[in-house]
Amino acid sequence: MRAPLTLLLAALAAPIFVASSLSWGPDPSAAIAAQELVHRNGGHVGSAICRDCHEDHYTSWRRTHHAQMTQRPGADNVRGVFDGRVVRYEGQEARPFRDGDRFLIDVPTTNAEAHGRRIAEVALMVGSRRYQQYFERQQRGDSVAFVRLPILWHIEQQRWLHLNTVFLGPDDANWHAHAATWNENCIFCHNTAPEPRARNNAARAGALPQFDSEVAELGISCESCHGPGAEHARAHQSPLVRYVGAGDGAEAAAKNPSRFDQERAVSVCGQCHGARLPNPLARVRDWFHSGPTYRVGDKLLEHVTPIERDTKVLSGDPEQYSLRFWGDGTARLSAYELQGVLASPCYQQGTMTCQSCHSMHTGDPHGQLRPDRPGNQLCTQCHETIAKDVRAHTHHDPAGSGSSCVECHMPKIVYGVLEIHRSHRIELPDPARDAETARPHACTLCHTDRTLPWAAQQMQQWWGPKFRTPVQRADRAPLAVPDAIASLHAGDAAVRAVYAAAIGRATTAPAATDTVAQRAHLAVAMGDGYPSVRWLAQRSLQQLEQRAPIGLAELLHGIDSMAGPQPRRDAVFATLDGIAHKAGNRLMPPTTGALLGTDLRLDLPAVIRLTDLQGRNVISIGE
Amino acid sequence: MNERAPRIALVTGWLLLAFSLPLGLTLEALHAWKVPVYLGSALRRELWTLAHAHGNLLGILCLVFAALGARVGGTDAQRARLARWLAIGAVLMPLGFLLGGVMNREGDPSYGIVLVPAGAVILMIALFGTARLALGRSGEVDPA
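First to last, the protein sequences are chains A and B. FYI, the working numbering numbers position 78 of the first sequence as 539, with every residue one higher than the one before it. FYI, the working numbering numbers position 26 of the second sequence as 27, with every residue one higher than the one before it.
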């Protein structure tokens, strides 16, 4: 009897041991759910539970910028260099430094006159692709708020920038102009299932708003696009459900946006990639308490009203919304992609959804375009006849950027996060419309040495008289001046930013050796009153210098777009002098009409006449 | 079967198998029913899988030693000593992996993992000892 009993005890030991240690030991999923800011309301479970079964999808999502949209700081995910070096802007300074595992920034206090300083500790981070923003934790009574700190780390540029220099606005000495509160701003679109839980304490005059905010997960995770997972996970826990379809597993299937109808499919991305107001507006109270009412699988427009150019502003700046759109209603700020898609014939008359071009689990995480349809195949999956003879449609070299569908039909005319992005309104270029609505034109974003009437003439020749010749520009700049140059000086800040970025691109039509005039005008734009325009102009000059050097690389590298007015002026004139002295035997001579003489000196009076057209209205477009 | 060496190896081998096979079954069940507390820790899953695999393989090794141990030569006392080393090593290694996955942190096993290298060293002593005896005996058989 002893031997069988011993064997039985040995056989029972393993399951008993495993069960005991699992019930007494730490539970990773429960530990995540117990973290500050995390809720498990509404059937949300968090991505750790999804990973248990969908390891591959989890891994493919983890590498995306969605996954890293909001993070707690740690040695492995803080991108900024906290080395104690000082960051200066508008006469004040910040000093990011590290104390062990803590990331700290020595910043001026909000009372600038007192020149007080304080140490802020980074408690939350937003962004992971272009730049990383830092938030400090503020205890407000028995509640907590996270407030944005005034400097951010630009990942591409590998440098610190002040917040005032990355939004589309003029220089501003107020260091805390963009001290947004995460709980009532970022929480909505940079997290999963946000619940701001703003307390109704507005009656307490002067008191800072209080929040008990929670999210299902920091960042954009599985449940943002597939819906709450608790029911699905519970129903599929049994292998009988998974393998033989027993029980209610089918009813508890996770939502898959690629199987939605067109409207529901674009709703998934549009819940964040489409600036919006609650519909009806009275729902705003729900939003600030329990979050947006849209759930994956719903029709978004039954919950929200997308903000358009003519959307009425209830309080504050009456131009708050209209400034975010070009004159024809096309968005000129990022996070309005939904509006663009909804206005596109490909959506209205076709079957296009976001997933027609984008993939969340495959391909390059930058842009997340479908890898199975590279280049023009994104468009020719529907427009098959064009694919058969590309040159017949584009009248450009089929291998060049002039035959890239998106260059003409989705031009880069959208400002966001110190970059210019593609418009998501898929449409025809139209020089007369663009001249009349002060909108950048697709042709002259590449042909930076050409005018709008030239573009119209080409289009009429190729595609017929439906394209009108522009008779006047909305900014009243002469039509005889190349559009890129006229826009760089006479446009409003958004136009100037778009062309400042465009001129340096490798896809532009003039060879880099044929851009002496563009370089001189970019040098002037480096003195722009808007720091974002200055930075984009400087970057374009550096790109041109890289492709066709004239010996200005060191000078351009040393220019700081955040520097004060005098160093900026010095930089402009040093660059203009450098071009005048060094470009002569390295670059082609300027074309006529480009406001640059044969001596490579700018026609400054003409340039000033153009810049005077900018008007005195300050535009400041928040993102 | 009156020798001590095969007796020690047999008991250890069968007990290891009696423990490790149900352990594998248990782990499969945890996978089948998608038990989050188990699946949530990749390190624990790896350690317990290693415990299951080592337990079974070393159990079989003990049984092989019990069956063929007499052929390696040496005295009964020498083989019994080797069998004890083998048994200790064979038990410590899977036990170390198993305990390493109990109360472990996200990135590291718990302290139980120290039994693994200890068991591995003891196992190697047993195997080298066995090999030495076997080589010595083969030398007797074939002096050339």
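Derived by calculation from the structure, the hints in this document are not laboratory data. Any given hint could turn out to be false.
[What the hints assert, rightly or not] Reference excerpt, derived from the structure (chain A facing chain B, CB under 10 Å, subset only):
| no. | residue |
| --- | --- |
| 1 | T467 |
| 2 | P476 |
| 3 | S482 |
| 4 | A495 |
| 5 | V499 |
| 6 | G503 |
| 7 | I510 |
| 8 | R512 |
| 9 | C514 |
| 10 | A694 |
| 11 | S699 |
| 12 | L738 |
| 13 | P779 |
| 14 | Y782 |
| 15 | L784 |
| 16 | H857 |
[Claimed, not checked] With a straight-line cut-off of 25 Å between C-alpha atoms, the simulated SDA-like cross-links for lysine to any residue are:
| no. | chain 1 | residue 1 | chain 2 | residue 2 |
| --- | --- | --- | --- | --- |
| 17 | B | K35 | A | C807 |
| 18 | B | K35 | A | G577 |
| 19 | B | K35 | A | V745 |
| 20 | B | K35 | A | I477 |
| 21 | B | K35 | A | S805 |
| 22 | B | K35 | A | P487 |
| 23 | B | K35 | A | R937 |
| 24 | A | K716 | B | L58 |
| 25 | B | K35 | A | I616 |
| 26 | B | K35 | A | G706 |
| 27 | B | K35 | A | S482 |
| 28 | B | K35 | A | T930 |
| 29 | B | K35 | A | G811 |
| 30 | B | K35 | A | G777 |
Because the structure is a prediction, the values reported are computed rather than measured. Heads up, the beta-carbon is just placed ideally off N, CA and C, and yes, glycines get one too.
To see whether the hints hold, each was checked on the structure:
1. T467: At 7 Å from the nearest chain B Cβ, T467 of chain A passes the 10 Å test, so the hint holds.
2. P476: P476 of chain A check passes; min Cβ-Cβ to chain B is 4 Å, inside 10 Å.
3. S482: Hint holds; S482 of chain A Cβ to chain B Cβ min 4 Å, cut 10 Å.
4. A495: violated (13 Å)
5. V499: violated (15 Å)
6. G503: Violated: closest Cβ of chain B sits about 18 Å from G503 of chain A, beyond 10 Å.
7. I510: holds (6 Å)
8. R512: Status holds, d = 8 Å.
9. C514: holds (6 Å)
10. A694: holds (7 Å)
11. S699: holds (6 Å)
12. L738: violated (38 Å)
13. P779: It is violated, given that the least Cβ distance between P779 of chain A and chain B is near 52 Å, above 10 Å.
14. Y782: Hint violated; Y782 of chain A Cβ to chain B Cβ min 45 Å, cut 10 Å.
15. L784: With Cβ-Cβ at 47 Å, over 10 Å, it is violated.
16. H857: It is violated, given that the least Cβ distance between H857 of chain A and chain B is near 51 Å, above 10 Å.
17. B:K35 with A:C807: Status violated; Cα separation ~43 Å.
18. B:K35 with A:G577: Violated, at about 56 Å.
19. B:K35 with A:V745: violated (39 Å)
20. B:K35 with A:I477: holds (18 Å)
21. B:K35 with A:S805: violated (44 Å)
22. B:K35 with A:P487: holds (17 Å)
23. B:K35 with A:R937: violated (68 Å)
24. A:K716 with B:L58: Given that 25 Å is the threshold and the Cα spacing comes to 44 Å, the pair is violated.
25. B:K35 with A:I616: Distance of about 39 Å is beyond 25 Å: violated.
26. B:K35 with A:G706: Answer holds: K35 of chain B to G706 of chain A is near 16 Å, not above 25 Å.
27. B:K35 with A:S482: holds (17 Å)
28. B:K35 with A:T930: violated (66 Å)
29. B:K35 with A:G811: Distance ~42 Å between K35 of chain B and G811 of chain A Cα, so the pair is violated.
30. B:K35 with A:G777: violated (53 Å)
This entry does not satisfy hints 4, 5, 6, 12, 13, 14, 15, 16, 17, 18, 19, 21, 23, 24, 25, 28, 29 and 30, going by the numbered hints stated previously.
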